[in-house]
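J.: So you can see what is in the structure, the chains are spelled out below.
2 protein chains.
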Amino acid sequence: MTKDIGVALLGLGVVGSCVADVLLDKADKLAEQVGASLVLKKVLERDITKRRSARPNPQTLTDRAEDAIDDPEVDIVIELLGGEHPALEYITRAITNNKHVVTANKEVMAKYGYKLLSLAQKHNVDLRYEASVGSGIPLISSFLQDLAANDISAIYAILNGTTNYILTQMSQEGIDFRTALEQAQKLGYAEANPANDIEGMDTTYKLAILASLAFHTPLSPNNIYCEGISRLATDDFRYAREFGYAIKLLAIARRLPDTIEVRVHPTFTPQNSQLAKVDGVYNAIQVEGDLAGRLVFYGRGAGGLAASSAIMADVLTIARNACRGVTNIPRVELSQRIPVEAMSDVKTRYYFRLQVADRPGVLAQISKVLGDNLISISSVLQKESDLSSQSAVIVIMTHPAEEKAVQKALKDVRHLAVVKEVSNFIRVEG
Amino acid sequence: MTKDIGVALLGLGVVGSCVADVLLDKADKLAEQVGASLVLKKVLERDITKRRSARPNPQTLTDRAEDAIDDPEVDIVIELLGGEHPALEYITRAITNNKHVVTANKEVMAKYGYKLLSLAQKHNVDLRYEASVGSGIPLISSFLQDLAANDISAIYAILNGTTNYILTQMSQEGIDFRTALEQAQKLGYAEANPANDIEGMDTTYKLAILASLAFHTPLSPNNIYCEGISRLATDDFRYAREFGYAIKLLAIARRLPDTIEVRVHPTFTPQNSQLAKVDGVYNAIQVEGDLAGRLVFYGRGAGGLAASSAIMADVLTIARNACRGVTNIPRVELSQRIPVEAMSDVKTRYYFRLQVADRPGVLAQISKVLGDNLISISSVLQKESDLSSQSAVIVIMTHPAEEKAVQKALKDVRHLAVVKEVSNFIRVEG
Numbered sequence: 159m160t161k162d163i164g165v166a167l168l169g170l171g172v173v174g175s176c177v178a179d180v181l182l183d184k185a186d187k188l189a190e191q192v193g194a195s196l197v198l199k200k201v202l203e204r205d206i207t208k209r210r211s212a213r214p215n216p217q218t219l220t221d222r223a224e225d226a227i228d229d230p231e232v233d234i235v236i237e238l239l240g241g242e243h244p245a246l247e248y249i250t251r252a253i254t255n256n257k258h259v260v261t262a263n264k265e266v267m268a269k270y271g272y273k274l275l276s277l278a279q280k281h282n283v284d285l286r287y288e289a290s291v292g293s294g295i296p297l298i299s300s301f302l303q304d305l306a307a308n309d310i311s312a313i314y315a316i317l318n319g320t321t322n323y324i325l326t327q328m329s330q331e332g333i334d335f336r337t338a339l340e341q342a343q344k345l346g347y348a349e350a351n352p353a354n355d356i357e358g359m360d361t362t363y364k365l366a367i368l369a370s371l372a373f374h375t376p377l378s379p380n381n382i383y384c385e386g387i388s389r390l391a392t393d394d395f396r397y398a399r400e401f402g403y404a405i406k407l408l409a410i411a412r413r414l415p416d417t418i419e420v421r422v423h424p425t426f427t428p429q430n431s432q433l434a435k436v437d438g439v440y441n442a443i444q445v446e447g448d449l450a451g452r453l454v455f456y457g458r459g460a461g462g463l464a465a466s467s468a469i470m471a472d473v474l475t476i477a478r479n480a481c482r483g484v485t486n487i488p489r490v491e492l493s494q495r496i497p498v499e500a501m502s503d504v505k506t507r508y509y510f511r512l513q514v515a516d517r518p519g520v521l522a523q524i525s526k527v528l529g530d531n532l533i534s535i536s537s538v539l540q541k542e543s544d545l546s547s548q549s550a551v552i553v554i555m556t557h558p559a560e561e562k563a564v565q566k567a568l569k570d571v572r573h574l575a576v577v578k579e580v581s582n583f584i585r586v587e588g
Numbered sequence: 159m160t161k162d163i164g165v166a167l168l169g170l171g172v173v174g175s176c177v178a179d180v181l182l183d184k185a186d187k188l189a190e191q192v193g194a195s196l197v198l199k200k201v202l203e204r205d206i207t208k209r210r211s212a213r214p215n216p217q218t219l220t221d222r223a224e225d226a227i228d229d230p231e232v233d234i235v236i237e238l239l240g241g242e243h244p245a246l247e248y249i250t251r252a253i254t255n256n257k258h259v260v261t262a263n264k265e266v267m268a269k270y271g272y273k274l275l276s277l278a279q280k281h282n283v284d285l286r287y288e289a290s291v292g293s294g295i296p297l298i299s300s301f302l303q304d305l306a307a308n309d310i311s312a313i314y315a316i317l318n319g320t321t322n323y324i325l326t327q328m329s330q331e332g333i334d335f336r337t338a339l340e341q342a343q344k345l346g347y348a349e350a351n352p353a354n355d356i357e358g359m360d361t362t363y364k365l366a367i368l369a370s371l372a373f374h375t376p377l378s379p380n381n382i383y384c385e386g387i388s389r390l391a392t393d394d395f396r397y398a399r400e401f402g403y404a405i406k407l408l409a410i411a412r413r414l415p416d417t418i419e420v421r422v423h424p425t426f427t428p429q430n431s432q433l434a435k436v437d438g439v440y441n442a443i444q445v446e447g448d449l450a451g452r453l454v455f456y457g458r459g460a461g462g463l464a465a466s467s468a469i470m471a472d473v474l475t476i477a478r479n480a481c482r483g484v485t486n487i488p489r490v491e492l493s494q495r496i497p498v499e500a501m502s503d504v505k506t507r508y509y510f511r512l513q514v515a516d517r518p519g520v521l522a523q524i525s526k527v528l529g530d531n532l533i534s535i536s537s538v539l540q541k542e543s544d545l546s547s548q549s550a551v552i553v554i555m556t557h558p559a560e561e562k563a564v565q566k567a568l569k570d571v572r573h574l575a576v577v578k579e580v581s582n583f584i585r586v587e588g
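Order-wise, the sequence lines are chains B and L. For the record, in the first sequence the residue sitting at position 17 is 175 according to the working numbering, with numbers rising by one throughout. For the record, in the second sequence the residue sitting at position 393 is 551 according to the working numbering, with numbers rising by one throughout.
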């Protein structure tokens, strides 16, 4: 047995408490795997007088970040505060203090991952972030190591458990978005302020991290087209089903000849595809590699236990290396500089739902506008008219078309006197 | 750039040719990732005059293993011969020569993995075998690293593409085993001598490797109960479907309080489960960890490209370490000595298909024998009688029962005058 490995924990929320518990409950097992004991030296918590479920030694608790980050007995800092600030500053300071860092922070890694990894390399310390995407599903390590020889052509992924739970409820129970969101909040699957999840930012951060690893290029979340799920109506789910699709919030990344296409939006996904069958708070990631072919990873995308599985995997890897006196920092392999395809140039299929006047010739007018914009229709559904309002619903599925043509066409369609409303349009994959 | 990393390839079959191609076609990309060039120094091939699709430099070809294994310029030996001998001897010799080894050999790793890993540790070299199970699906690395903090409670897996293809065809096309096997052979999915696949040995080797990693205990394939798929009839698939099941050749490993349960056999798998939906030559592995929860990995379980994805991942990991002068050998963490539960003590549910005399009271007699053996029936199906033979088919699903009670009961049932034949019995999970 060599000397103990000192650990500092920043944040004692749901995930932090689980990590603290694992460090205590599995101490012997972890020590055996590492060849040294992992000792929790400091725990940063805003209110150190609060009663809590986790049981770290009260003497380790501190409300001053420096106590944890600057402690010479701390070898590994686990950052679980979430959000951009002060997490970024703490991680930076820990690295500058030559401490290894494990973080679950997708926002910081999506926005500053490249800089932080370079800084870590300079300081000869490790920065690991397996828990930042897909929680306990091994994704970062798969891209860094297992898929390293592959040229990745595409990623299609469900990366946010909250929105997938809401979409599953809307689809299975026929309830509207607000009701499903309230349910999710009651069950603790959605936060009081759910914007980050439902508007797609959480998924966008995660896609930025994965696509950057997959294509070896730095990628800012600002360059990823992002659309949330709040626009979806129960009718959309009904029509999706009629056409053989589920609606999922997909993170999509594809390698094109000279660019990468990266986007996050609600997506018509074929019912018989594996992603369509991922229900509730689960995540799934489909990767296409030139050697491995299609791989799918499936598991819980959230929750303290699942996150602590990934966090502890990172801690163990670092601790084993430290224990052997090995510095085994992964190279920052973002050597490419691949531009992101403009969203207006993206080509995919579309679903439109329109409310129209219930009179002859309406479909002809709409078809003409679409045709003038080089958009070709693959199927149409005209639904029961509403006698009182004299309106009808027309649902259109298109062949592949360019986003800019579609936006232009929708504008033109809205100007038609016979069109009362473009109720929704959703992109279609597969 | 440091000095080149020398690679020797033992075997130039389907997988070996793909690996050789990748080393040549992706040389620049691999060199960038490693920080040094990977150079194919020697290729062992029985017939070095044969025309082949792979294009290694003819001067690297040799038909003498020693030329490859003893070459001082070779740092990494990739063993792709398959089978026990001489692969075991070559791997042993390479390690003894202080060379790192990458192998796809499930038989050698299942039978001698523990010894070889210990030998590698002694010689301070790495022995990696990601391609031995699940081909391009990252499983070995997931158990060694990503799931390291978990206590694994169970593995349920489809690990053999050949048998899964045959079972899929039998189920979907209603064809019998022989016909499906011949189809698989024509398509190159089954070998001319398919015994290893269809009798379950291939799956057993793979389960030995995975369960050993999952439970940190050495595990001989001889201690794994193994039953192949050749006994399955089209009728079994029909009745399975009627009861809501698919039939899959499952590898099952479960942690019991004092033992581990490990077995490979055709299994009734609920139609709505993820494993039931894995069709064709694909593999899927479901793992249950106390932290990560349920994870499912899905991908191609065979083929040269998928295997070369895993092989090259291992080669890259070793080469990166070698390039940095780091010796980063995973510890052989098989510190436990957990006995294997005797198959006779295993408790699960069962499906029986019986051919009986078509006369009153038959079911009563069978039920009594089962009841006497403490086996309780959950559902029964009596099928149309065959007038000419005056026989009928009875299909029984049981509640959980002990294997030894079931074997005893089946013996007793066979002795009943009214029972013409116990046509099949299949274990049921989920």
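Hints were generated in silico from the structure; no laboratory data involved. Errors might be hidden in some of the hints.
Copies of the same chain are indistinguishable here, so a pair counts whether it falls within one copy or spans any two.
To be verified - In silico lysine-lysine, PhoX-like type, Cα no more than 25 Å apart, as pairs:
1. LYS187 with LYS280
2. LYS562 with LYS435
3. LYS269 with LYS562
4. LYS526 with LYS566
J.: Could you run down the list of hints and mark each one as holding or not?
T.: Evaluation of the provided hints:
In this assembly of identical chains, LYS187 and LYS280 lie within 25 Å of each other by CA distance solely across copies; the values are 23 Å between and 33 Å within a copy. Neither within a single protomer nor between protomers do LYS562 and LYS435 lie at most 25 Å apart by alpha-carbon distance, with minima of 31 Å and 38 Å respectively. For the homomeric pair LYS269 and LYS562, neither the shortest alpha-carbon distance inside one copy (28 Å) nor that between copies (60 Å) is at most 25 Å. Within a single copy, LYS526 and LYS566 get their C-alpha atoms as close as 13 Å, which meets the 25 Å cut-off; across copies the closest is 75 Å, which misses it.
Hint violations for this structure: numbers 2, 3, all remaining hints satisfied.
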